[in-house]
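Q: Sequence:
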Amino acid sequence: MDDFYQDIALFAGLCLALFGLLFWWRRRKDQKEERGYADALAALAGRLGGTVAGSADVRAWSAELRPPMKSDTDGLSGWLSTVSQPRFETALDFRRGNWAVRVGEASMEKANSSSSATTYEHRIEVATSILPPMKISRRIYVDFRGRPLTSDRAQAVGPAGEAPLTAVREQRQWLQTRLPEPVDREFTVFTTDPSAVARAFNPQVVEWMLGQAGSNPFISAMPLLLTFEAGLVYTTSPHRIDPDQILAKVDVILGLLDRMGVAPAHPPVTA
1 MDDFYQDIAL
11 FAGLCLALFG
21 LLFWWRRRKD
31 QKEERGYADA
41 LAALAGRLGG
51 TVAGSADVRA
61 WSAELRPPMK
71 SDTDGLSGWL
81 STVSQPRFET
91 ALDFRRGNWA
101 VRVGEASMEK
111 ANSSSSATTY
121 EHRIEVATSI
131 LPPMKISRRI
141 YVDFRGRPLT
151 SDRAQAVGPA
161 GEAPLTAVRE
171 QRQWLQTRLP
181 EPVDREFTVF
191 TTDPSAVARA
201 FNPQVVEWML
211 GQAGSNPFIS
221 AMPLLLTFEA
231 GLVYTTSPHR
241 IDPDQILAKV
251 DVILGLLDRM
261 GVAPAHPPVT
271 A
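The sequence shown: position 172 = 172 (my numbering), numbered continuously.
Just to be clear, a hint being listed does not mean it is correct.
[As the list claims (entries may be wrong)] Heads up, simulated SDA-like pairs for lysine to any residue below, C-alpha to C-alpha not over 20 Å straight-line:
| hint | residue 1 | residue 2 |
| --- | --- | --- |
| 1 | Lys110 | Arg96 |
| 2 | Lys249 | Ala196 |
| 3 | Lys70 | Arg87 |
| 4 | Lys70 | Leu224 |
| 5 | Lys70 | Arg199 |
| 6 | Lys249 | Asn216 |
| 7 | Lys249 | Val262 |
| 8 | Lys110 | Leu225 |
| 9 | Lys249 | Arg96 |
| 10 | Lys70 | Tyr120 |
| 11 | Lys249 | Asn98 |
| 12 | Lys110 | Gln85 |
| 13 | Lys70 | Arg47 |
| 14 | Lys110 | Glu89 |
| 15 | Lys110 | Asn98 |
| 16 | Lys32 | Asp242 |
The set of hints was computed from the structure by calculation and includes no laboratory data.
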């Protein structure tokens, strides 16, 4: 009988040792990946003549306009699934031509069916002259795999219909603006000033936007939703910053601003 209990104790000890070894290996692997990721972001910032913001200055310029991880925390289900509050983790500041750009990342711990996992999003922000509040969004006719959606699932208006905080505070009407054909089939625009938007969407802008649209909005560099308010133009996307892909997204936004005649501005102070 004593041998039996000794065997059980030995087996339990081996299991604990194996569990500890696996935990140590996973933690070491995660730390190595994080160091590699941080190095890749620092290298990108260096190539662009920019900087990686210090831990006290990673807050998004537009944080007061749109909190981090808002789409993951909205509503009762978002509140119930929140394990740790969203927070900004890192930010890259650089200039692209005359434009001041910040690319930031936020994360939160979110409950799933078995335990919890870290969820990320990244945000691209550009400092601009003050413009009327506006949102430009893609019309969604396909799923993320490029398969056509049925008419009842297709998003004809998209997320641009929700007024931004600036328009809500000012109690301004949030109006849909009709775009020239055929760009109106691909994008929707809402604003507080339809006349100003109509002037901004000149033939050059329309032609350029059509060239950027692509057949699948989920793999296009053109943002699904672009918000203009309070001297900022910004877009938020799921997942972490991809150092190999992020510049393509930044350049598409700047290309649109250049063609719309928007003027650059100094970035806001966040510290």
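Q: State for each hint whether it applies.
A: We went through each hint and held it up to the structure:
{"no.": "1", "hint": "Lys110 <-> Arg96", "verdict": "violated (35 Å)"}
{"no.": "2", "hint": "Lys249 <-> Ala196", "verdict": "violated (25 Å)"}
{"no.": "3", "hint": "Lys70 <-> Arg87", "verdict": "holds (11 Å)"}
{"no.": "4", "hint": "Lys70 <-> Leu224", "verdict": "holds (16 Å)"}
{"no.": "5", "hint": "Lys70 <-> Arg199", "verdict": "violated (32 Å)"}
{"no.": "6", "hint": "Lys249 <-> Asn216", "verdict": "holds (15 Å)"}
{"no.": "7", "hint": "Lys249 <-> Val262", "verdict": "holds (18 Å)"}
{"no.": "8", "hint": "Lys110 <-> Leu225", "verdict": "violated (24 Å)"}
{"no.": "9", "hint": "Lys249 <-> Arg96", "verdict": "holds (12 Å)"}
{"no.": "10", "hint": "Lys70 <-> Tyr120", "verdict": "holds (11 Å)"}
{"no.": "11", "hint": "Lys249 <-> Asn98", "verdict": "holds (17 Å)"}
{"no.": "12", "hint": "Lys110 <-> Gln85", "verdict": "holds (9 Å)"}
{"no.": "13", "hint": "Lys70 <-> Arg47", "verdict": "violated (31 Å)"}
{"no.": "14", "hint": "Lys110 <-> Glu89", "verdict": "holds (16 Å)"}
{"no.": "15", "hint": "Lys110 <-> Asn98", "verdict": "violated (38 Å)"}
{"no.": "16", "hint": "Lys32 <-> Asp242", "verdict": "holds (17 Å)"}
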